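Protein chains: 2
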Amino acid sequence: MKYRLVTPGPSMVPSETLLSLAKPVIHHRTAENKAVMAEALSLLKQVFCTKNDVAIFTSSGTGAMETAVATFIRPGDKAIVISAGKWGERWVELCKTFGANLIELKATYGEVVTPEQVAAALKQHPDTVAVYTQLSETSTGVGHDIAAIGEVVKKTSALLAVDGISGVGAMECRTDAWGIDLLAVGSQKALMMPPGLAFLSVSEKAKKVMESKPAPPMYYFDLKKYLAKAAENDTPYTPAHTLIAAQVESLRMMINQGMENVWHQARQMSKAMLAAVEALGLEPFAKRPCEGLTTIVVPPGVDGNAWPKLLEQKYGVKVAGGQGSMKGKIIRVAHMGYVDPLDVIGIIAAMEWSLAELGHPVESGAAVAAATRVFAEDYVKTPAAV
Amino acid sequence: MKYRLVTPGPSMVPSETLLSLAKPVIHHRTAENKAVMAEALSLLKQVFCTKNDVAIFTSSGTGAMETAVATFIRPGDKAIVISAGKWGERWVELCKTFGANLIELKATYGEVVTPEQVAAALKQHPDTVAVYTQLSETSTGVGHDIAAIGEVVKKTSALLAVDGISGVGAMECRTDAWGIDLLAVGSQKALMMPPGLAFLSVSEKAKKVMESKPAPPMYYFDLKKYLAKAAENDTPYTPAHTLIAAQVESLRMMINQGMENVWHQARQMSKAMLAAVEALGLEPFAKRPCEGLTTIVVPPGVDGNAWPKLLEQKYGVKVAGGQGSMKGKIIRVAHMGYVDPLDVIGIIAAMEWSLAELGHPVESGAAVAAATRVFAEDYVKTPAAV
Chain A
-12 MKYRLVTPGP SMVPSETLLS LAKPVIHHRT AENKAVMAEA LSLLKQVFCT KNDVAIFTSS
48 GTGAMETAVA TFIRPGDKAI VISAGKWGER WVELCKTFGA NLIELKATYG EVVTPEQVAA
108 ALKQHPDTVA VYTQLSETST GVGHDIAAIG EVVKKTSALL AVDGISGVGA MECRTDAWGI
168 DLLAVGSQKA LMMPPGLAFL SVSEKAKKVM ESKPAPPMYY FDLKKYLAKA AENDTPYTPA
228 HTLIAAQVES LRMMINQGME NVWHQARQMS KAMLAAVEAL GLEPFAKRPC EGLTTIVVPP
288 GVDGNAWPKL LEQKYGVKVA GGQGSMKGKI IRVAHMGYVD PLDVIGIIAA MEWSLAELGH
348 PVESGAAVAA ATRVFAEDYV KTPAAV
Chain B
-12 MKYRLVTPGP SMVPSETLLS LAKPVIHHRT AENKAVMAEA LSLLKQVFCT KNDVAIFTSS
48 GTGAMETAVA TFIRPGDKAI VISAGKWGER WVELCKTFGA NLIELKATYG EVVTPEQVAA
108 ALKQHPDTVA VYTQLSETST GVGHDIAAIG EVVKKTSALL AVDGISGVGA MECRTDAWGI
168 DLLAVGSQKA LMMPPGLAFL SVSEKAKKVM ESKPAPPMYY FDLKKYLAKA AENDTPYTPA
228 HTLIAAQVES LRMMINQGME NVWHQARQMS KAMLAAVEAL GLEPFAKRPC EGLTTIVVPP
288 GVDGNAWPKL LEQKYGVKVA GGQGSMKGKI IRVAHMGYVD PLDVIGIIAA MEWSLAELGH
348 PVESGAAVAA ATRVFAEDYV KTPAAV
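Chains as they are written, first to last, in the working numbering: chain A, -12 to 373; chain B, -12 to 373.
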């Protein structure tokens, strides 16, 4: 049975990238590896739409998040956290760990925090050091309006730190234009790679704040060292350089496709999934859906644990269930990484078949047809030269 | 862009099999390699549903076909060729090459030769040495009724030689039960492998004919040598043994799935494709379709060369066009090898989108819905234990 990994990370990875991992290991302190680092950094900046410096960590995305907190927050510093799910809660935990004076803007699961709420909080707390949020909150499937939040934050002295770990590459993210000071990204989501690498882009505004602070009580995630070494296409500690070389392969594919096209396809896949959800008589869980993931409320009468299990065991489609209090109540179907519209159509067919088997009334073919029409309308507008 | 290879060979290959090809090369005259050969031969017999001996050639499928002619036909020997397309014509060419007294039963492209026609020819030519035919004739997409033809031939002294190169694994083929004396199969079609290997199973009846003949005027394809060596899990000449080891991986997957299930899925994919063809307002070209391939008549107004080109360039779906006189008139969409119902649904969506762009009136979503329903009806009958 074919296996289709459509969880919100890890995601599917192209063979070209995986095969790169099978190449002989070279030494990491060599001109050869510096060339790879140089290309990785250049490509990451293009994908992130930034001229800012980028640090590459050998860690999970949480490492980049921790760096974005620990470098800038000293005990008593005010930090606003926009929390709309499990990953917002991770920012809360990190801020608490480093002694922040925490202002939490909390959205009910499935909803988002609005730019207006952020503006109000910043007005009330003009001495806020940083605002922490998510581009896409994969626990609930919402996406924040980072462009608008950026407009608000850039008028203040506060830094805007965005967890784009699962979002970057699966939805539009213009780091510089939107005023994102700190952008954390992971390799294993929309960047078409296995786990192991995390990235953090750092604005000049953030660097100034960093310089104004005493060194943070940490060693491995010492951002200054990473940025200094990155300027020489190097890293302070032994990097997972075979992963970096493989990441270059996937980043090249994205840049060759063009970021506008990457975002457009992600948007279309999201629209198609939402059309399918509607055709199935289901409800999306997210009020403002992100574009790399569709969260679906498990309908009454369907066992919310059996559904993902059936999708995996009978159709090889590995989706994610709900986490924590949402376990059994939602399923999360990702369309990030190496996934295309043909995959999405096939996955929707498997959703139809599995739901029908679990007793949900399904008008067979309606969901795949609805999704097919979403793409059809768009493809007609972009005729190919054949 | 994801690439989906859905031509009637080569077909898509699982990663597990491809990765096997990256293993270090061992020597081919070793106990280790004999163990691989033994497993390959055992699995091939299970897939072919035969207790007969099997020869493994390092060649294209044509090598096995040539062996099936050259070993048994001497100048002037009567050979009946059932010819329903390009591959039937290959049997004709081979029979002519080896001086056969040729009786050609020719079907119009898109049609088949019936068991009745074979019976009549054998009655008229009781001294026929062998009857040559195809399980699936991929140039037109028809499948012959080998079970019924086998019933006819097994009552005579003639041998039944079946080109199952593209058919075996993509449709039911019971070598022993159906009385197939010589079954030629290729690695790169439904056996989920790259090209390079051909197989020939040889019945006791065929062996007796072989023994009664003087040695054929050939060296590399000397069947006696292959069978003698196969009895020792060996080959007469250097085999592409890394391909054989990889073939074992794919064969294991088929046996683990179970041949009944493999055939069933192939049948369902064929039914789904035909339902899609009908929903698109198109005509299948084959009057008696084989199950690993759907041939579709290009509708009036659509450029029969542009259609496959668009499918490949815009959607990454590599189908085959028509060959020879059928160029531009049909397209051939294979569903053999490492392909599953989710792939089929996605490919049908791409067929919809591309046809619409080429000006064919498409009711968007109708074809994917029709195909989804075909699978749905079947999946309901086979509930999974979750």
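Keep in mind that the hints were calculated from the coordinates and are not lab data. Heads up, some of the hints might be wrong.
In this list, chains with the same sequence are indistinguishable; a pair is considered to hold if it fits within one copy or across any two.
Claimed, not checked - Listed below are the simulated DSS-like cross-link pairs for lysine-lysine, each with C-alpha atoms no more than 27 Å apart in a straight line:
(1) K301 <-> K(-11)
(2) K258 <-> K301
(3) K21 <-> K274
(4) K110 <-> K200
(5) K192 <-> K314
(6) K10 <-> K(-11)
(7) K142 <-> K296
(8) K195 <-> K301
(9) K368 <-> K142
Just so it is clear, the structure is predicted and the values come from calculations on it, not from any experiment.
Unsatisfied constraints (hint numbers, rising): 3, 5, 7, 8, 9
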